[in-house]
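Hey, can you piece these two chains together into the complex? The hints should help.
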Amino acid sequence: MPSFQEIIFKLKKYWADRGCIIQEPYDIEVGAGTMVSETFLRVLGPKPYSVAYVQPSRRPADGRYGDNPNRLYKHSQLQVILKPSPDDVIEQYLGSLEAIGIDLRAHDIKLEEDNWEAPTLGAWGIGWQVMLDGLEISQFTYFQQCGGIDLDLVPAELTYGLERLTAFLQVKDSVYDIEWAPGYSYGDVRYQDELQYSVYNFEMAEIATLWKLFELHEAEASRLLKAYNPKSSEKKRFPLLPTYDQVLKCSNLFNTLDSRGAISVTERQAVIQRVRKLAVGVANAWVDQQSEQSS
Amino acid sequence: MTLPFLLEIGTEEIPDWMIPTALENLRMLFEKTGIPHESVQLDATPRRLVLRAEGLPERQPDSEERVMGPAKAAPAQAVAGFARKQGIPVESLTIEVTPKGEYYSFLKKVAGRRSKDILAEALPNVILQIYFPKTMYWTGKGGPRFIRPIRWIVALLGEDIVPFELAGVRSGALTSGHRRLGAREIVITIPEYERRLRDHYVILSAEERRRKITEEMAGVKIKPDPALLETLVYITEFPTPITGSFDTQFLELPEEVLVTVMRHHQKYFSVEDSEGKLAPQFVAVMNIDADREGFVRRGNERVLRARFNDARFFWETDQKKKLADRIDDLRAVTFLKDLKEQGSYHDKIERMVALLGDDAHAVRAARLCKCDLTTELVKEFTELQGVVGGLYARVQGEPEPVWQAIYDHYKPESMEDAIPRHRTGQLVSLADKVDTLRSCFGVGLIPTGSKDPYALRRAAQGVVRILVEGKVDLPIRSLLGDNPQLIEFVEDRVRFYFRDIRGFKYDEVNAAMAAGWNDLKDLEARLIRVQRLRPTADFEPLAAAFKRIKNILRQASFTGGVTLDPALLEAGPERDLHHEAQALAGQPIEGAISRLRPKVDLFFDKVLVNAPDERIRQNRLMLLYTLSQEFSRVADFSEIVTNS
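Residue numbers (the working numbering), protein chains in the order written: chain A, 1 to 295; chain B, 296 to 939.
One or more of the hints may lead you astray.
Now the in silico label distances, taken between C-beta atoms and shown as ranges [stated by the list, open to error]:
hint : chain 1 : residue 1 : chain 2 : residue 2 : range
1    : A       : Gly95     : B       : Pro428    : 23 to 33 Å
2    : A       : Trp211    : B       : Arg607    : 52 to 62 Å
3    : B       : Ala655    : A       : Gln192    : 23 to 33 Å
4    : B       : Val648    : A       : Glu98     : 34 to 44 Å
5    : B       : Ser569    : A       : Gly95     : 23 to 33 Å
6    : A       : Gly187    : B       : Pro428    : 37 to 47 Å
FYI, nobody ran anything at the bench for these hints, they're computed from the structure. Yeah, the Cβ is synthetic: ideal placement off N, Cα and C, and Gly gets one too.
Next up, chain B with everything else stripped away, as it sits in the complex (with noise of 0.2 Å):
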């Protein structure tokens, strides 16, 4: 007979954003107990984290256990009181031969223990376990630490309470419903607990709680925004959507305004007209069944009001001073204040003045990019840094590349946000990175393990991004500077881009990164022509052959220097290979390859390189050296792994 398990660990309201997380590893936790089940499934609200399993043993197996005694030759005391500890009569041992001699031993019977017993000694540990970015005491210095107070346990096994103690609560088999609509304490079984719950005003499933949102505002164009949905899902036990209003009027305001408003401050979804335009409407999802007295809806509409008059209070009071006036008080403004008297956002823009060069947009732009950091509204609402500066630019004037940089120059602000629009947008974002970069690298801000405070890694990528994707003529070393460490952590993320994002062979890309990786958009196609070429069939073995060579290479210590002298190259396959490498040079590689392979084979097949004669040996690896200069251009295909 195997029984049903239940765990819910009742808790005060989990930040949304780390549920998902938080039950995987609850997952793996449990199955880390190695007690058999044969199926786990995982549930959550804000205020519950549930494991139930299905096919759990009553029992482990029992087993046994040989226990060994003294040896054969030990006075019989000492044989007797090995029995009585062991709880038998000495006519029960036998007798047992090891490597080392006869010893008495006793096969002792283990009977399996309880699953019931295992759990409860298992259960507070695996609890306390769940990994959560950020924890918490609340019992008192020195006690438990929890994302949230864990303020009751049901822990069920069969009908069974398996019982246990954490954090002065004791496990039981009551559950608590929603905080208004249901009870405080219910009593559950296992089958019952999900309905019972659901009486209580508990949707227990995300997946289920997701299908009534969307469900039900199905009757309003929203703009989709499934990272908000997810959230919505996770920070209600029984959500209910509701469509709000607001005036018209607001709709001059720039529909990014409107939108962050409503997205980041409100979670309120947009919504769209038949043309795809911003309506003046909003979704909002709620914790309860129904807004019956219309309460709900007029408070998150008086919110809203507020909020956009707010926004349009700072909008017009903003456009009191232009940018171009603002840029001084960028000088009151901190970068990092680790440069001390560079780390003004003043200083920041003139190093990136100094980087652009002369090109009058982008310099113009980068003037003006920080210069919205002074503005209420940008105060207000920081994640419209850069948008709101050009918004600004363009009611101020500003030319359509000017402001459409400046507009841009955070992106791209993620793998799935887009790069800036335009090659000034590209310059001034690419300045703005690689001064951040350069900064904070400067002076040690090195990014180590999972911290990085100040988004380098984002910063990075952006920059190999805009480079590659933006084809930027720009050589990525010389904007780097001569900083080691940060030369190498742009490698880290040259390799990662064109691996992970990119989907290329890791041994692709170490190939032809090998080759150089100073123009990023060269590197791609390069990358692209080695992807082509690898199927083909004389690809692997040259490769394994530039291996070869590279490894007689490094033996001999050969770095060239030596002129080939084509008269001491010996008749046959290695004159032939000469000839054959002479007359491709300087040709794709693409063409060369079919050609070069059986030269190259035969040269090793009938040619030994180490020959006795130092200068034929010597002649011999100036030919394999420009052998591999020559067509390693591409890539070092030395790097590549081959099957052979």
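Same shape as in the complex, but just chain A (with noise of 0.2 Å):
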């Protein structure tokens, strides 16, 4: 029986094997590996480029106090993007579960509709979720626009669960139950995450202090945007990755706003506007950029 992290090596070694770049976790909260800009800035473009990586995925309002045997505040992603997608991208796939040990001629597997979508993104795609013996094990996407762009080449997502995954191996009903390492559960390892952010996201954010975070966040990604000049000779030492930093903060910001209950009505479209226009436009200038510098 594997563990949680042998999982994950055996997953990353099988997609090295394919010509995958390994990246390790990026140290900025997301609530998805797609907003990393290993994916959201890479798949723009024309060129190929291929990657896998672990993502911690923080969805503050799936936070249940560790009280919940299937939902957390933060979850593990395996995230792989195949830039352009290979013919046989879905043998690939499947290949990369019986390396972790499932037989596909005793289970059962299907692939159901369905498209993804990501607002605050302006990127949305085509696919299915991977249904292993009724459990929804993955998502499979052709993405088909990013930053409101259409791709130049079709990448393929494939998103992991790595939590289901393994206690999917593991026959466990609970996920706190995984075994993580020899000798460490699941819990032992995460526990007082689930149940600290809970509380904080819940109970003890200051409202106040994370909308002036927000504004801060997103006075300097617009300042930095708004200095970014196509024209420019110098424009390709641009700090457009710093200010993509900056959105990813906001996004955060306003997840854990929206988990404390404090966006209205009114406000949560205007919110999500907002930090759709910043994204997009780090997605525009980021293609301007680096179509420059291929030429």
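Following this line, the structure appears as structure tokens:
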């Protein structure tokens, strides 16, 4: 029975063997692996790029104080981007499941329609949720647009829910009972995170402070975006990646404010639009900046 | 000699619900190529769309085409040039006499094209033109679009490959088996095709897959669910049902919740015991041949247990805050953002309450009916909105009419769905739907073509059905307010309902609606009367007469306002008609019609409406006007399309 970390090792190795760059998690809090620039910005433009990384994904509203056996404030996604997607991409994906010990002749695997959309990123794609014996273990998406831009090469995004997959393989009903490493359960490693972040997000986060932070990060991102000049000869050294970090900060603050119940009806759409505007702005600038570089 | 044809479009998994339509589309596009054939058969699995045809000719018949050349008077050089261009000696040209003069011409024999060539040219477009609701590109920007990537294509005419290339895929004679139980590449011939697939765990025929599922779960009493069966048929290539079970303790949860989890989230059939009650079992349909080790059953049982545990956790958590205590929370839940400050569900229920007036139960239900939107259970299982509110209201001691009204207030959700069972529920449902319609139309969110994101057609249809089938005594026009676009929109739904759903003839619907449609249950009663009257002998002639009256009045631009003077009526047919009309006034049309008809006929036979004397003319017009007013209360019979 592979441990949580062994499953991660095996999957990383599997994808490394198929030409993926293995990255470590990005060091800014995000709601999904897609938001990391390794996906969000790298899928743009005409350059092939394949990468895999495990990204801790934070969803403040999903926190349950460590009480719910299946729901987590922070879960781990293995994010794989194959740009462009190879013709046998589904075969490769199924192979990765076999690589972690799932015999697909004895298990029921189905690809069920599920198109993905992230309004704050101006991104959407066509794809499936992958069901294994009735359990959703992955999301499979052919990206079509990102930052409101049609993609030159169509990347396949494979997202594995690592806790679920491990619970499945280890036959555990609670995610806290899965073995992370020999002698250590998931609960040993992560319970405190779940409890304390739930308390913070739902009870103690200072709404006024979060708003202030949101506005600071937003202002910084806007300021930088305005300073980007497509005609400048210096544009190649312009700090778009740090600009995008500011957008990620906004996104997480928005999620935290939301879980705190601090965003009203009328505000909600408007705030989503504010974040989207920044994300789309960075995406467009990035395409411009990178295209110049290749010529 | 004729040939069989096989086209298999091999793709990644196509959404099940799109497949039947896509196949019909494929048939139509194939027919459009114009290649003769004796029969067409269509099949599909999630990974292949297949068209087989029998009896294609090897080539089209040869034909002849007359090519016109220069005029007879043209210089010899031009004539020689023409002959050279056609590749024939000048002597082979003939002279053709046309209305424009005499010309050299040449009867060109055109060899019939080979079907293989026609197909090779046409098939890429046939494939790419198949309609799907949402398509994607996968080979790069500007590349071909299809529902999912095309990975292989089989195109055979007889024993030959029909050669073409699409999205980088070359057509060939290689198919692909089940993803894990079959081979990835299988050489096939047309006669062997279906059997070879079967060897590789692909059952090509949907009918056969359906039968396999049904037969193999015959030992269990499932709740019939044809839509789910159809889904399962089209998400599998080799379906095999298995039965699993769950802990009886979960049966304490409402059946609605359990069934929704199984049906919508897991695609399981629910199982009933011998008394028709929900049993702690389910049937899942796998896409493999067997579950020898029990992995799949245990896996599905574990998933279901987790889902049920979640549902129970939500159910218990939600009970900690009563629905009534959640009303204020609705201020933070958006109903329609375009309404700005009036856009929350709290605002919506206030408007519903205002519409409902002083019916205490209905008002109570309206206030509570949206509160379940703030519960965990509905956040998880949105399709149970309303139902969950109803169940909570029952547990929380709300009177039966109130909780049932909450439970039912989204009904009817489709044409097949029932309307709310009791009057209170009907009123709350009406108020909800009417508010949605008025709100959306008020801010210009009006459905166009196939775009109806707020499901306003369904809402309007629900309003119509509740008023008619619930026999609710409410004038629809006063519910709708005075937005002309909304009135027209709903009028359309009324027409659609009586015509397409209830099967009344379109002219009967027009006739009855022309006499008013504010009271829908009255409209229904009138339509039934018109329908019964229609086959009677005097009906159509009278309808024709009314059409004539209407035309006369229109031509004279006559709209009443004259006092009928009996003294001016001519003795005979005119006076008789007047007397008959007076005698019949206020009587049911059924009895009046046979007496009225001969008088009307005679009137038109003998009397000239356009009398030279203006007073007489006006009087006659008034007689006809009164007649059409008096006898058009059930329906405007001039709208009836008659054979005469």
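Hints versus structure:
1. Between glycine 95(A) and proline 428(B) the beta carbons are some 31 Å apart, a value that agrees with the proposed interval 23 to 33 Å.
2. Evaluation of the 52 to 62 Å hint for tryptophan 211(A) and arginine 607(B) yields a failure: the beta carbon distance comes to about 37 Å.
3. Between alanine 655(B) and glutamine 192(A) the Cβ separation comes to about 52 Å, which falls outside the hinted range of 23 to 33 Å.
4. The supplied range of 34 to 44 Å is broken by valine 648(B) and glutamate 98(A), whose beta-carbon atoms lie about 59 Å from each other.
5. At about 47 Å, the beta-carbon gap between serine 569(B) and glycine 95(A) misses the expected band of 23 to 33 Å.
6. Our hint of 37 to 47 Å for glycine 187(A) and proline 428(B) holds, since their Cβ atoms are close to 44 Å apart.
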